[in-house]
Structures are given as structure tokens and as C-alpha cells.
Amino acid sequence: MSGADLSSWRAALRKFARNRLALVGMIAFVVIAVAVASADLSPYDPAATNLRARFEGPSLQHPFGTDDLGRDTLTRVLYGGRISLLVGVLVMALSVVVGTVVGGLAGYYRGAVDSVLMRCTDLFLSLPSLFVLIVLSTLLMDTPFARAYGGTLMIVTIVAALSWMVVARIVRSSFLSIRERDFVEAARASGASGVRIMAMHVLPNALGPIFVQATLQVAVAIIAESGLSYLGFGIQPPTATWGNMLKDAQTYMTRYPWLAVFPGLMIFVTVMSVNAIGDGARDAFDPRRSVSRH
Amino acid sequence: MSGYVLRRLGEAIPLLAIVSLLVFALLQASPGNPLAQLERDPTVSQDDIRRIAEQRGLLDPFPVQYLRWAGGAVRGDFGESLQTGRPVATEIAERLPNTVVLVLTAFAVTLLIAIPVGVASAVRQYSVFDHVVTALAFMGQSIPIFWFGLLLILVFYVGLSNPLTGGALFPAGGMYSSGLQADLANRLWHLVLPVAMLCSTWVAWYTRFLRASMLEVLSQDFVRTARAKGASERVVIYRHALKNGALPLITLIGLDLPMIFSGALFTETIFAWPGMGRLFYQSALRRDYPVLMAIVMFTSALILISNLLADLAYAWFDPRIKYT
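One line per chain: the protein sequences are A and B, in this order.
Residues in the first sequence are numbered from 1435 upward in steps of one, following this note's numbering.
Residues in the second sequence are numbered from 41 upward in steps of one, following this note's numbering.
Everything labelled a hint here was simulated from the structure, so no lab data went into it.
None of the values given here were measured: they were computed from a predicted structure.
Misleading hints may appear alongside valid ones.
[Stated by the list, open to error] Listing some non-contacts, in silico: residues in chain B with all C-beta distances to chain A over 12 Å: (1) SER85; (2) VAL141; (3) LEU352.
[Unchecked claim] Just so you have them, the derived chain B footprint on chain A, three or more residues with Cβ under 8 Å: (4) 1493 to 1506; (5) 1521 to 1530; (6) 1541 to 1551; (7) 1568 to 1576; (8) 1702 to 1709.
A virtual CB, placed ideally from N, CA and C, is assigned to each residue, including glycine.
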């Protein structure tokens, strides 16, 4: 990366740090991540049932109350959060890699490569993603793939398979404009290969928009996983996730509302903090676009 | 213009064909083939099954089977539901109007709230009102709608009660109370919570979007010109600025309408609303693949058509855009 790029990153970072909402989001996200990572510190076992302590309201012993089997809701929320955050980050990583490769190749080589890859992108974009996710999850149910790691592997794969397209479009348009710049021309003239030019010269200059999109992908993936698990087509009990905890809570919700409040609140706060980071990053990298879409 | 329409159709139709090919391949891969029932029946011999399969063309090569299925699908024949044995098209046709009522109401409510609020927020940028709206919109776009639906039930069905009747303030399920099918007021009463749930995210998105778009437009020269010639603030904002500020909204609406159908899946499931989303959910639980695939096909077609219409509408409303 050249010095000019470094200073533009520094400027973006300074701008990000001045954005109060983004900072609050960052702190909230770190707090949630640390809490979730230290779930083992909880005195309760997330799976241990205690029939004498069913449906206890929030108290000092059980800050989020207990569920129908007497399990501590806070502990389950923390362990569930591990899955939700893991799914969010893995889906983001996968879809960013796929989207960057597809969009990068399309934008750099243009012509026939561009047409074919972008028609593929259009194809995926014309699929109703929630419906297709449910169909895939139903089709794969009972296969070893769907059972691996409590269903996490399958959910990550299918959610990522349906969420790389926006990244591809953004990377393509960045690559299209960056490839015309003089330093790329210079690299080409010096005989660098296509792959080398893309990796060393074009990609570093497209990292800003990719980073912005990556944060938004985390939010989208967390919502998708929890939505699928909530409907019963995601990660299956006894593995707790925020989504399937909400599903269980529904049955008892009218009498024991805290069961439905806390897992949902965790999704809400996590997604909000990720969106705040994404908004801040977008303002820092590209002040012209004030509202972007998933 | 007509050349552009033709070219876009020429892109959309092959896409739809590929989607249908994928859908059909998945349908073939799905368990529960049409002969499963016969295979379980001990009085039916293997030879009979073979003969029936041959008669129905189930032993034909994949392309032949696909073309037969696609030929039917084009005419609205998506086979029979494994669950009820009725034609899939009939099952969908029965539920679709309920979903359309829900989605269109939610959409109308979204625009009725988002446009005035977004405009007012932009006009009074950095006022208390603007800060409150911006914060609410930010929260609204982060809230998982299935959780929001549960909260609505907790507050308006479980928590609050109607002071006149002592019953729940709003019902938490169904389209009407039993026996009150023809009562419009009762139907509207049942629409309140599902619509509130369905439009929550969209109100947030559109308000934010319109605020940003209006801020951009309000600083442009033609707005200053309108003010300079003595037009009232109302005329400046609503006649001059909003016309331009709302233009990008047309594209958004085209892109989002099918996504609102997806949101309807959660809403209909939570509020026991007998629409297409709930049909999809129940069919998935029962692994009724013909119904699932027909709905996927239907929604894909909807996405492609509304994307096309959005682009055309944009060109229609904005004479600066020339499509070739």
C-alpha cells in the first residue's frame, strides 16, 4: 500500500473515532463479545435442568430468570450468543471472500467474465432468500452435514451462499473504477500479472467499501440465523441460540414474558451495535452515501 | 424505451428459466416422491409401481420431465400438494389474497408514516424532533421483526386491555373473530398488530432514506430558485423538493415489495394469518415440497417483475433518464 492510502485510512480512522454512535456501538459489541466468550464463568450449566426452579422471575440468582426446565436464562443467552456471533462472523467472512472474488474478477476483467459472473449474481439476487433458506434447511435436515457442529456448519454455509451478492456488486464497481487509475496502468506496464495487480494494487484501494459491507453482513447474518432458528429451521435444541430460545419462549410467553424479552433483546442490541459500527465506517470511508442498504 | 423493455425482458426470462430449473432439480432431489405412498402399500406389486411410474412419465430422462413440469408451471399447474392432494395452484390462490391484503396495508401505512416524518425530519434537521426520529429509525432497522411481533403481543394483547370490554386491546391471531367475517371494523382491528409488525422495519428504512434524500435535494439550486420566486415553504417542500427527493423511493419500492412478502412469513406465522407465508411455513414443517417450490417460483417471478417495473417507473417519472 502506498503512503497516500495509509493516510486516507488514518483519516477514516480519525473520523470513525469522532463518531459517537459508532464508538458506542463498538464498545457495546466488545462488551457482548467478552460476555459471551466468558460464558463458562457462569455458575450454571446451560443444559442442567432444575425442576424445582422452573419459571423463576428475574432475581439476583437468576438475573434473566429461568425457563420451563429450570435452566438459567442468562447462562443460556450467553452460550447462545457464542453461536449467534460465530455464525455472524463466519457468514461475513465467507460471503466477503466469495463476493470479493466474484466482484473482483468481474470488475477487473470486464467483458465476457463480467457478463457471466454478474448474471450469476443476478440469479442469486432474484431468489427469495428467506424462502430458499427454509427449503434448503428442510432438504438437508437429517443429513450428516446438517448435524455437524449442532447445525452451525449448515446454517453458515447456506446463509453465506445467499448473501455474497451485495458484496460482489460493490467490489465490482470499485474494481471497475480503480483499474482505470494510473498506478494500475503503471503496474500493468511493468509486466505484473493480473492476479498480482488485483491483489497488490486494486484490492487494497477497495478495502473501505468492503469493510463497510462486511459489518452490515454480520448484522444480516445474525438476523438470518436467529430468524431461521426461531422458525425451527435453524440450529436445533438442545444447542441454545437466541432464535431457538425465542421459539421455546413463545409457548410460555403470556405468563412468563421475560423468557421472550431477553434473548430478543440480545439480538436487537447486537444488531444495533453492529449497524452503528457499519454506519460509522461508511461515514468515515464514503461521506457521500449517508444511507446504505443491506 | 420499448427496446429497453424488450432487452430487460430478454434478461429476466432466462433468469426465471434457470431459477425454475434449479427449483425442479431440488424438487427431484427432495424425499417424498409421488410414488412413496404406493411403495408403502403391500397390495401394490413392484411391477405395478413400475407401470404407473412409466405411465406418469416418471422414468423419462430429466430434461423431458423438466419440460413437462415447466409446461405445466407456465399454465399454472404446479402439481398436487403431498399433504392435501389438492392442486398446489388452488392452495396458493386461496391464501394469496390474505397476504396481499396484509402486505399492501403494511405498505400503505409505511409510506403514510415514512414520507411525512422523513420530510419533516429533513426540513428541521438537527431539531429535537429530527434526533428522536433518527434514533427511532436506527433502532427500527435493527430490530428483528419476529421479536418485535412477540413484544407487540406482550404489550397489546397480554398487557393492555380494552377499558370498555375488559378483553384484550388487540387480538393476537386470525383475520376476524368467529362469526364476524363480514364486519370491516373487526377485520381492521385484527389487522392492527400484524401490520404494525410488518411495517416496523420498513418505516425505519424509508424514513431514513427519505430524510437523507430530502436533505440532498433541499440544498440544490432549484429549491433556492423556488424560494426566491416567492413560493410558499409548503409548495417548495412538497411540490418541488419532495417530487425529486421521493424519486429514488420508486426503485426501492420495487426492490422491497418481494422482501415484504418474506417478512409476511414471520408475521403470518406469529399472528396465525392464513396467508401464503403461513402456507409456506406449514408446508416446510410437513415437507410438502411441491407447495414450497411453487411459492419459491412465484416469489422469484415477483422479484424479477417488480425490479423491472421499478426501473420502468423510474424512467417514466424522471424524464432525464433515457434508456436504450
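Here is how each hint holds up against the structure:
1. SER85: holds, 29 Å
2. VAL141: Non-interface label stands for B/VAL141: nearest chain A Cβ at 20 Å, farther than 12 Å.
3. LEU352: The claim holds: B/LEU352 sits with its nearest Cβ about 17 Å from chain A, beyond 12 Å.
4. 1493 to 1506: Violated - the segment 1493 to 1506 of chain A has 0 residues with a Cβ nearer than 8 Å to chain B, which falls short of three.
5. 1521 to 1530: violated (count 0)
6. 1541 to 1551: violated (count 0)
7. 1568 to 1576: Check passed, 4 qualifying residues.
8. 1702 to 1709: holds (count 4)
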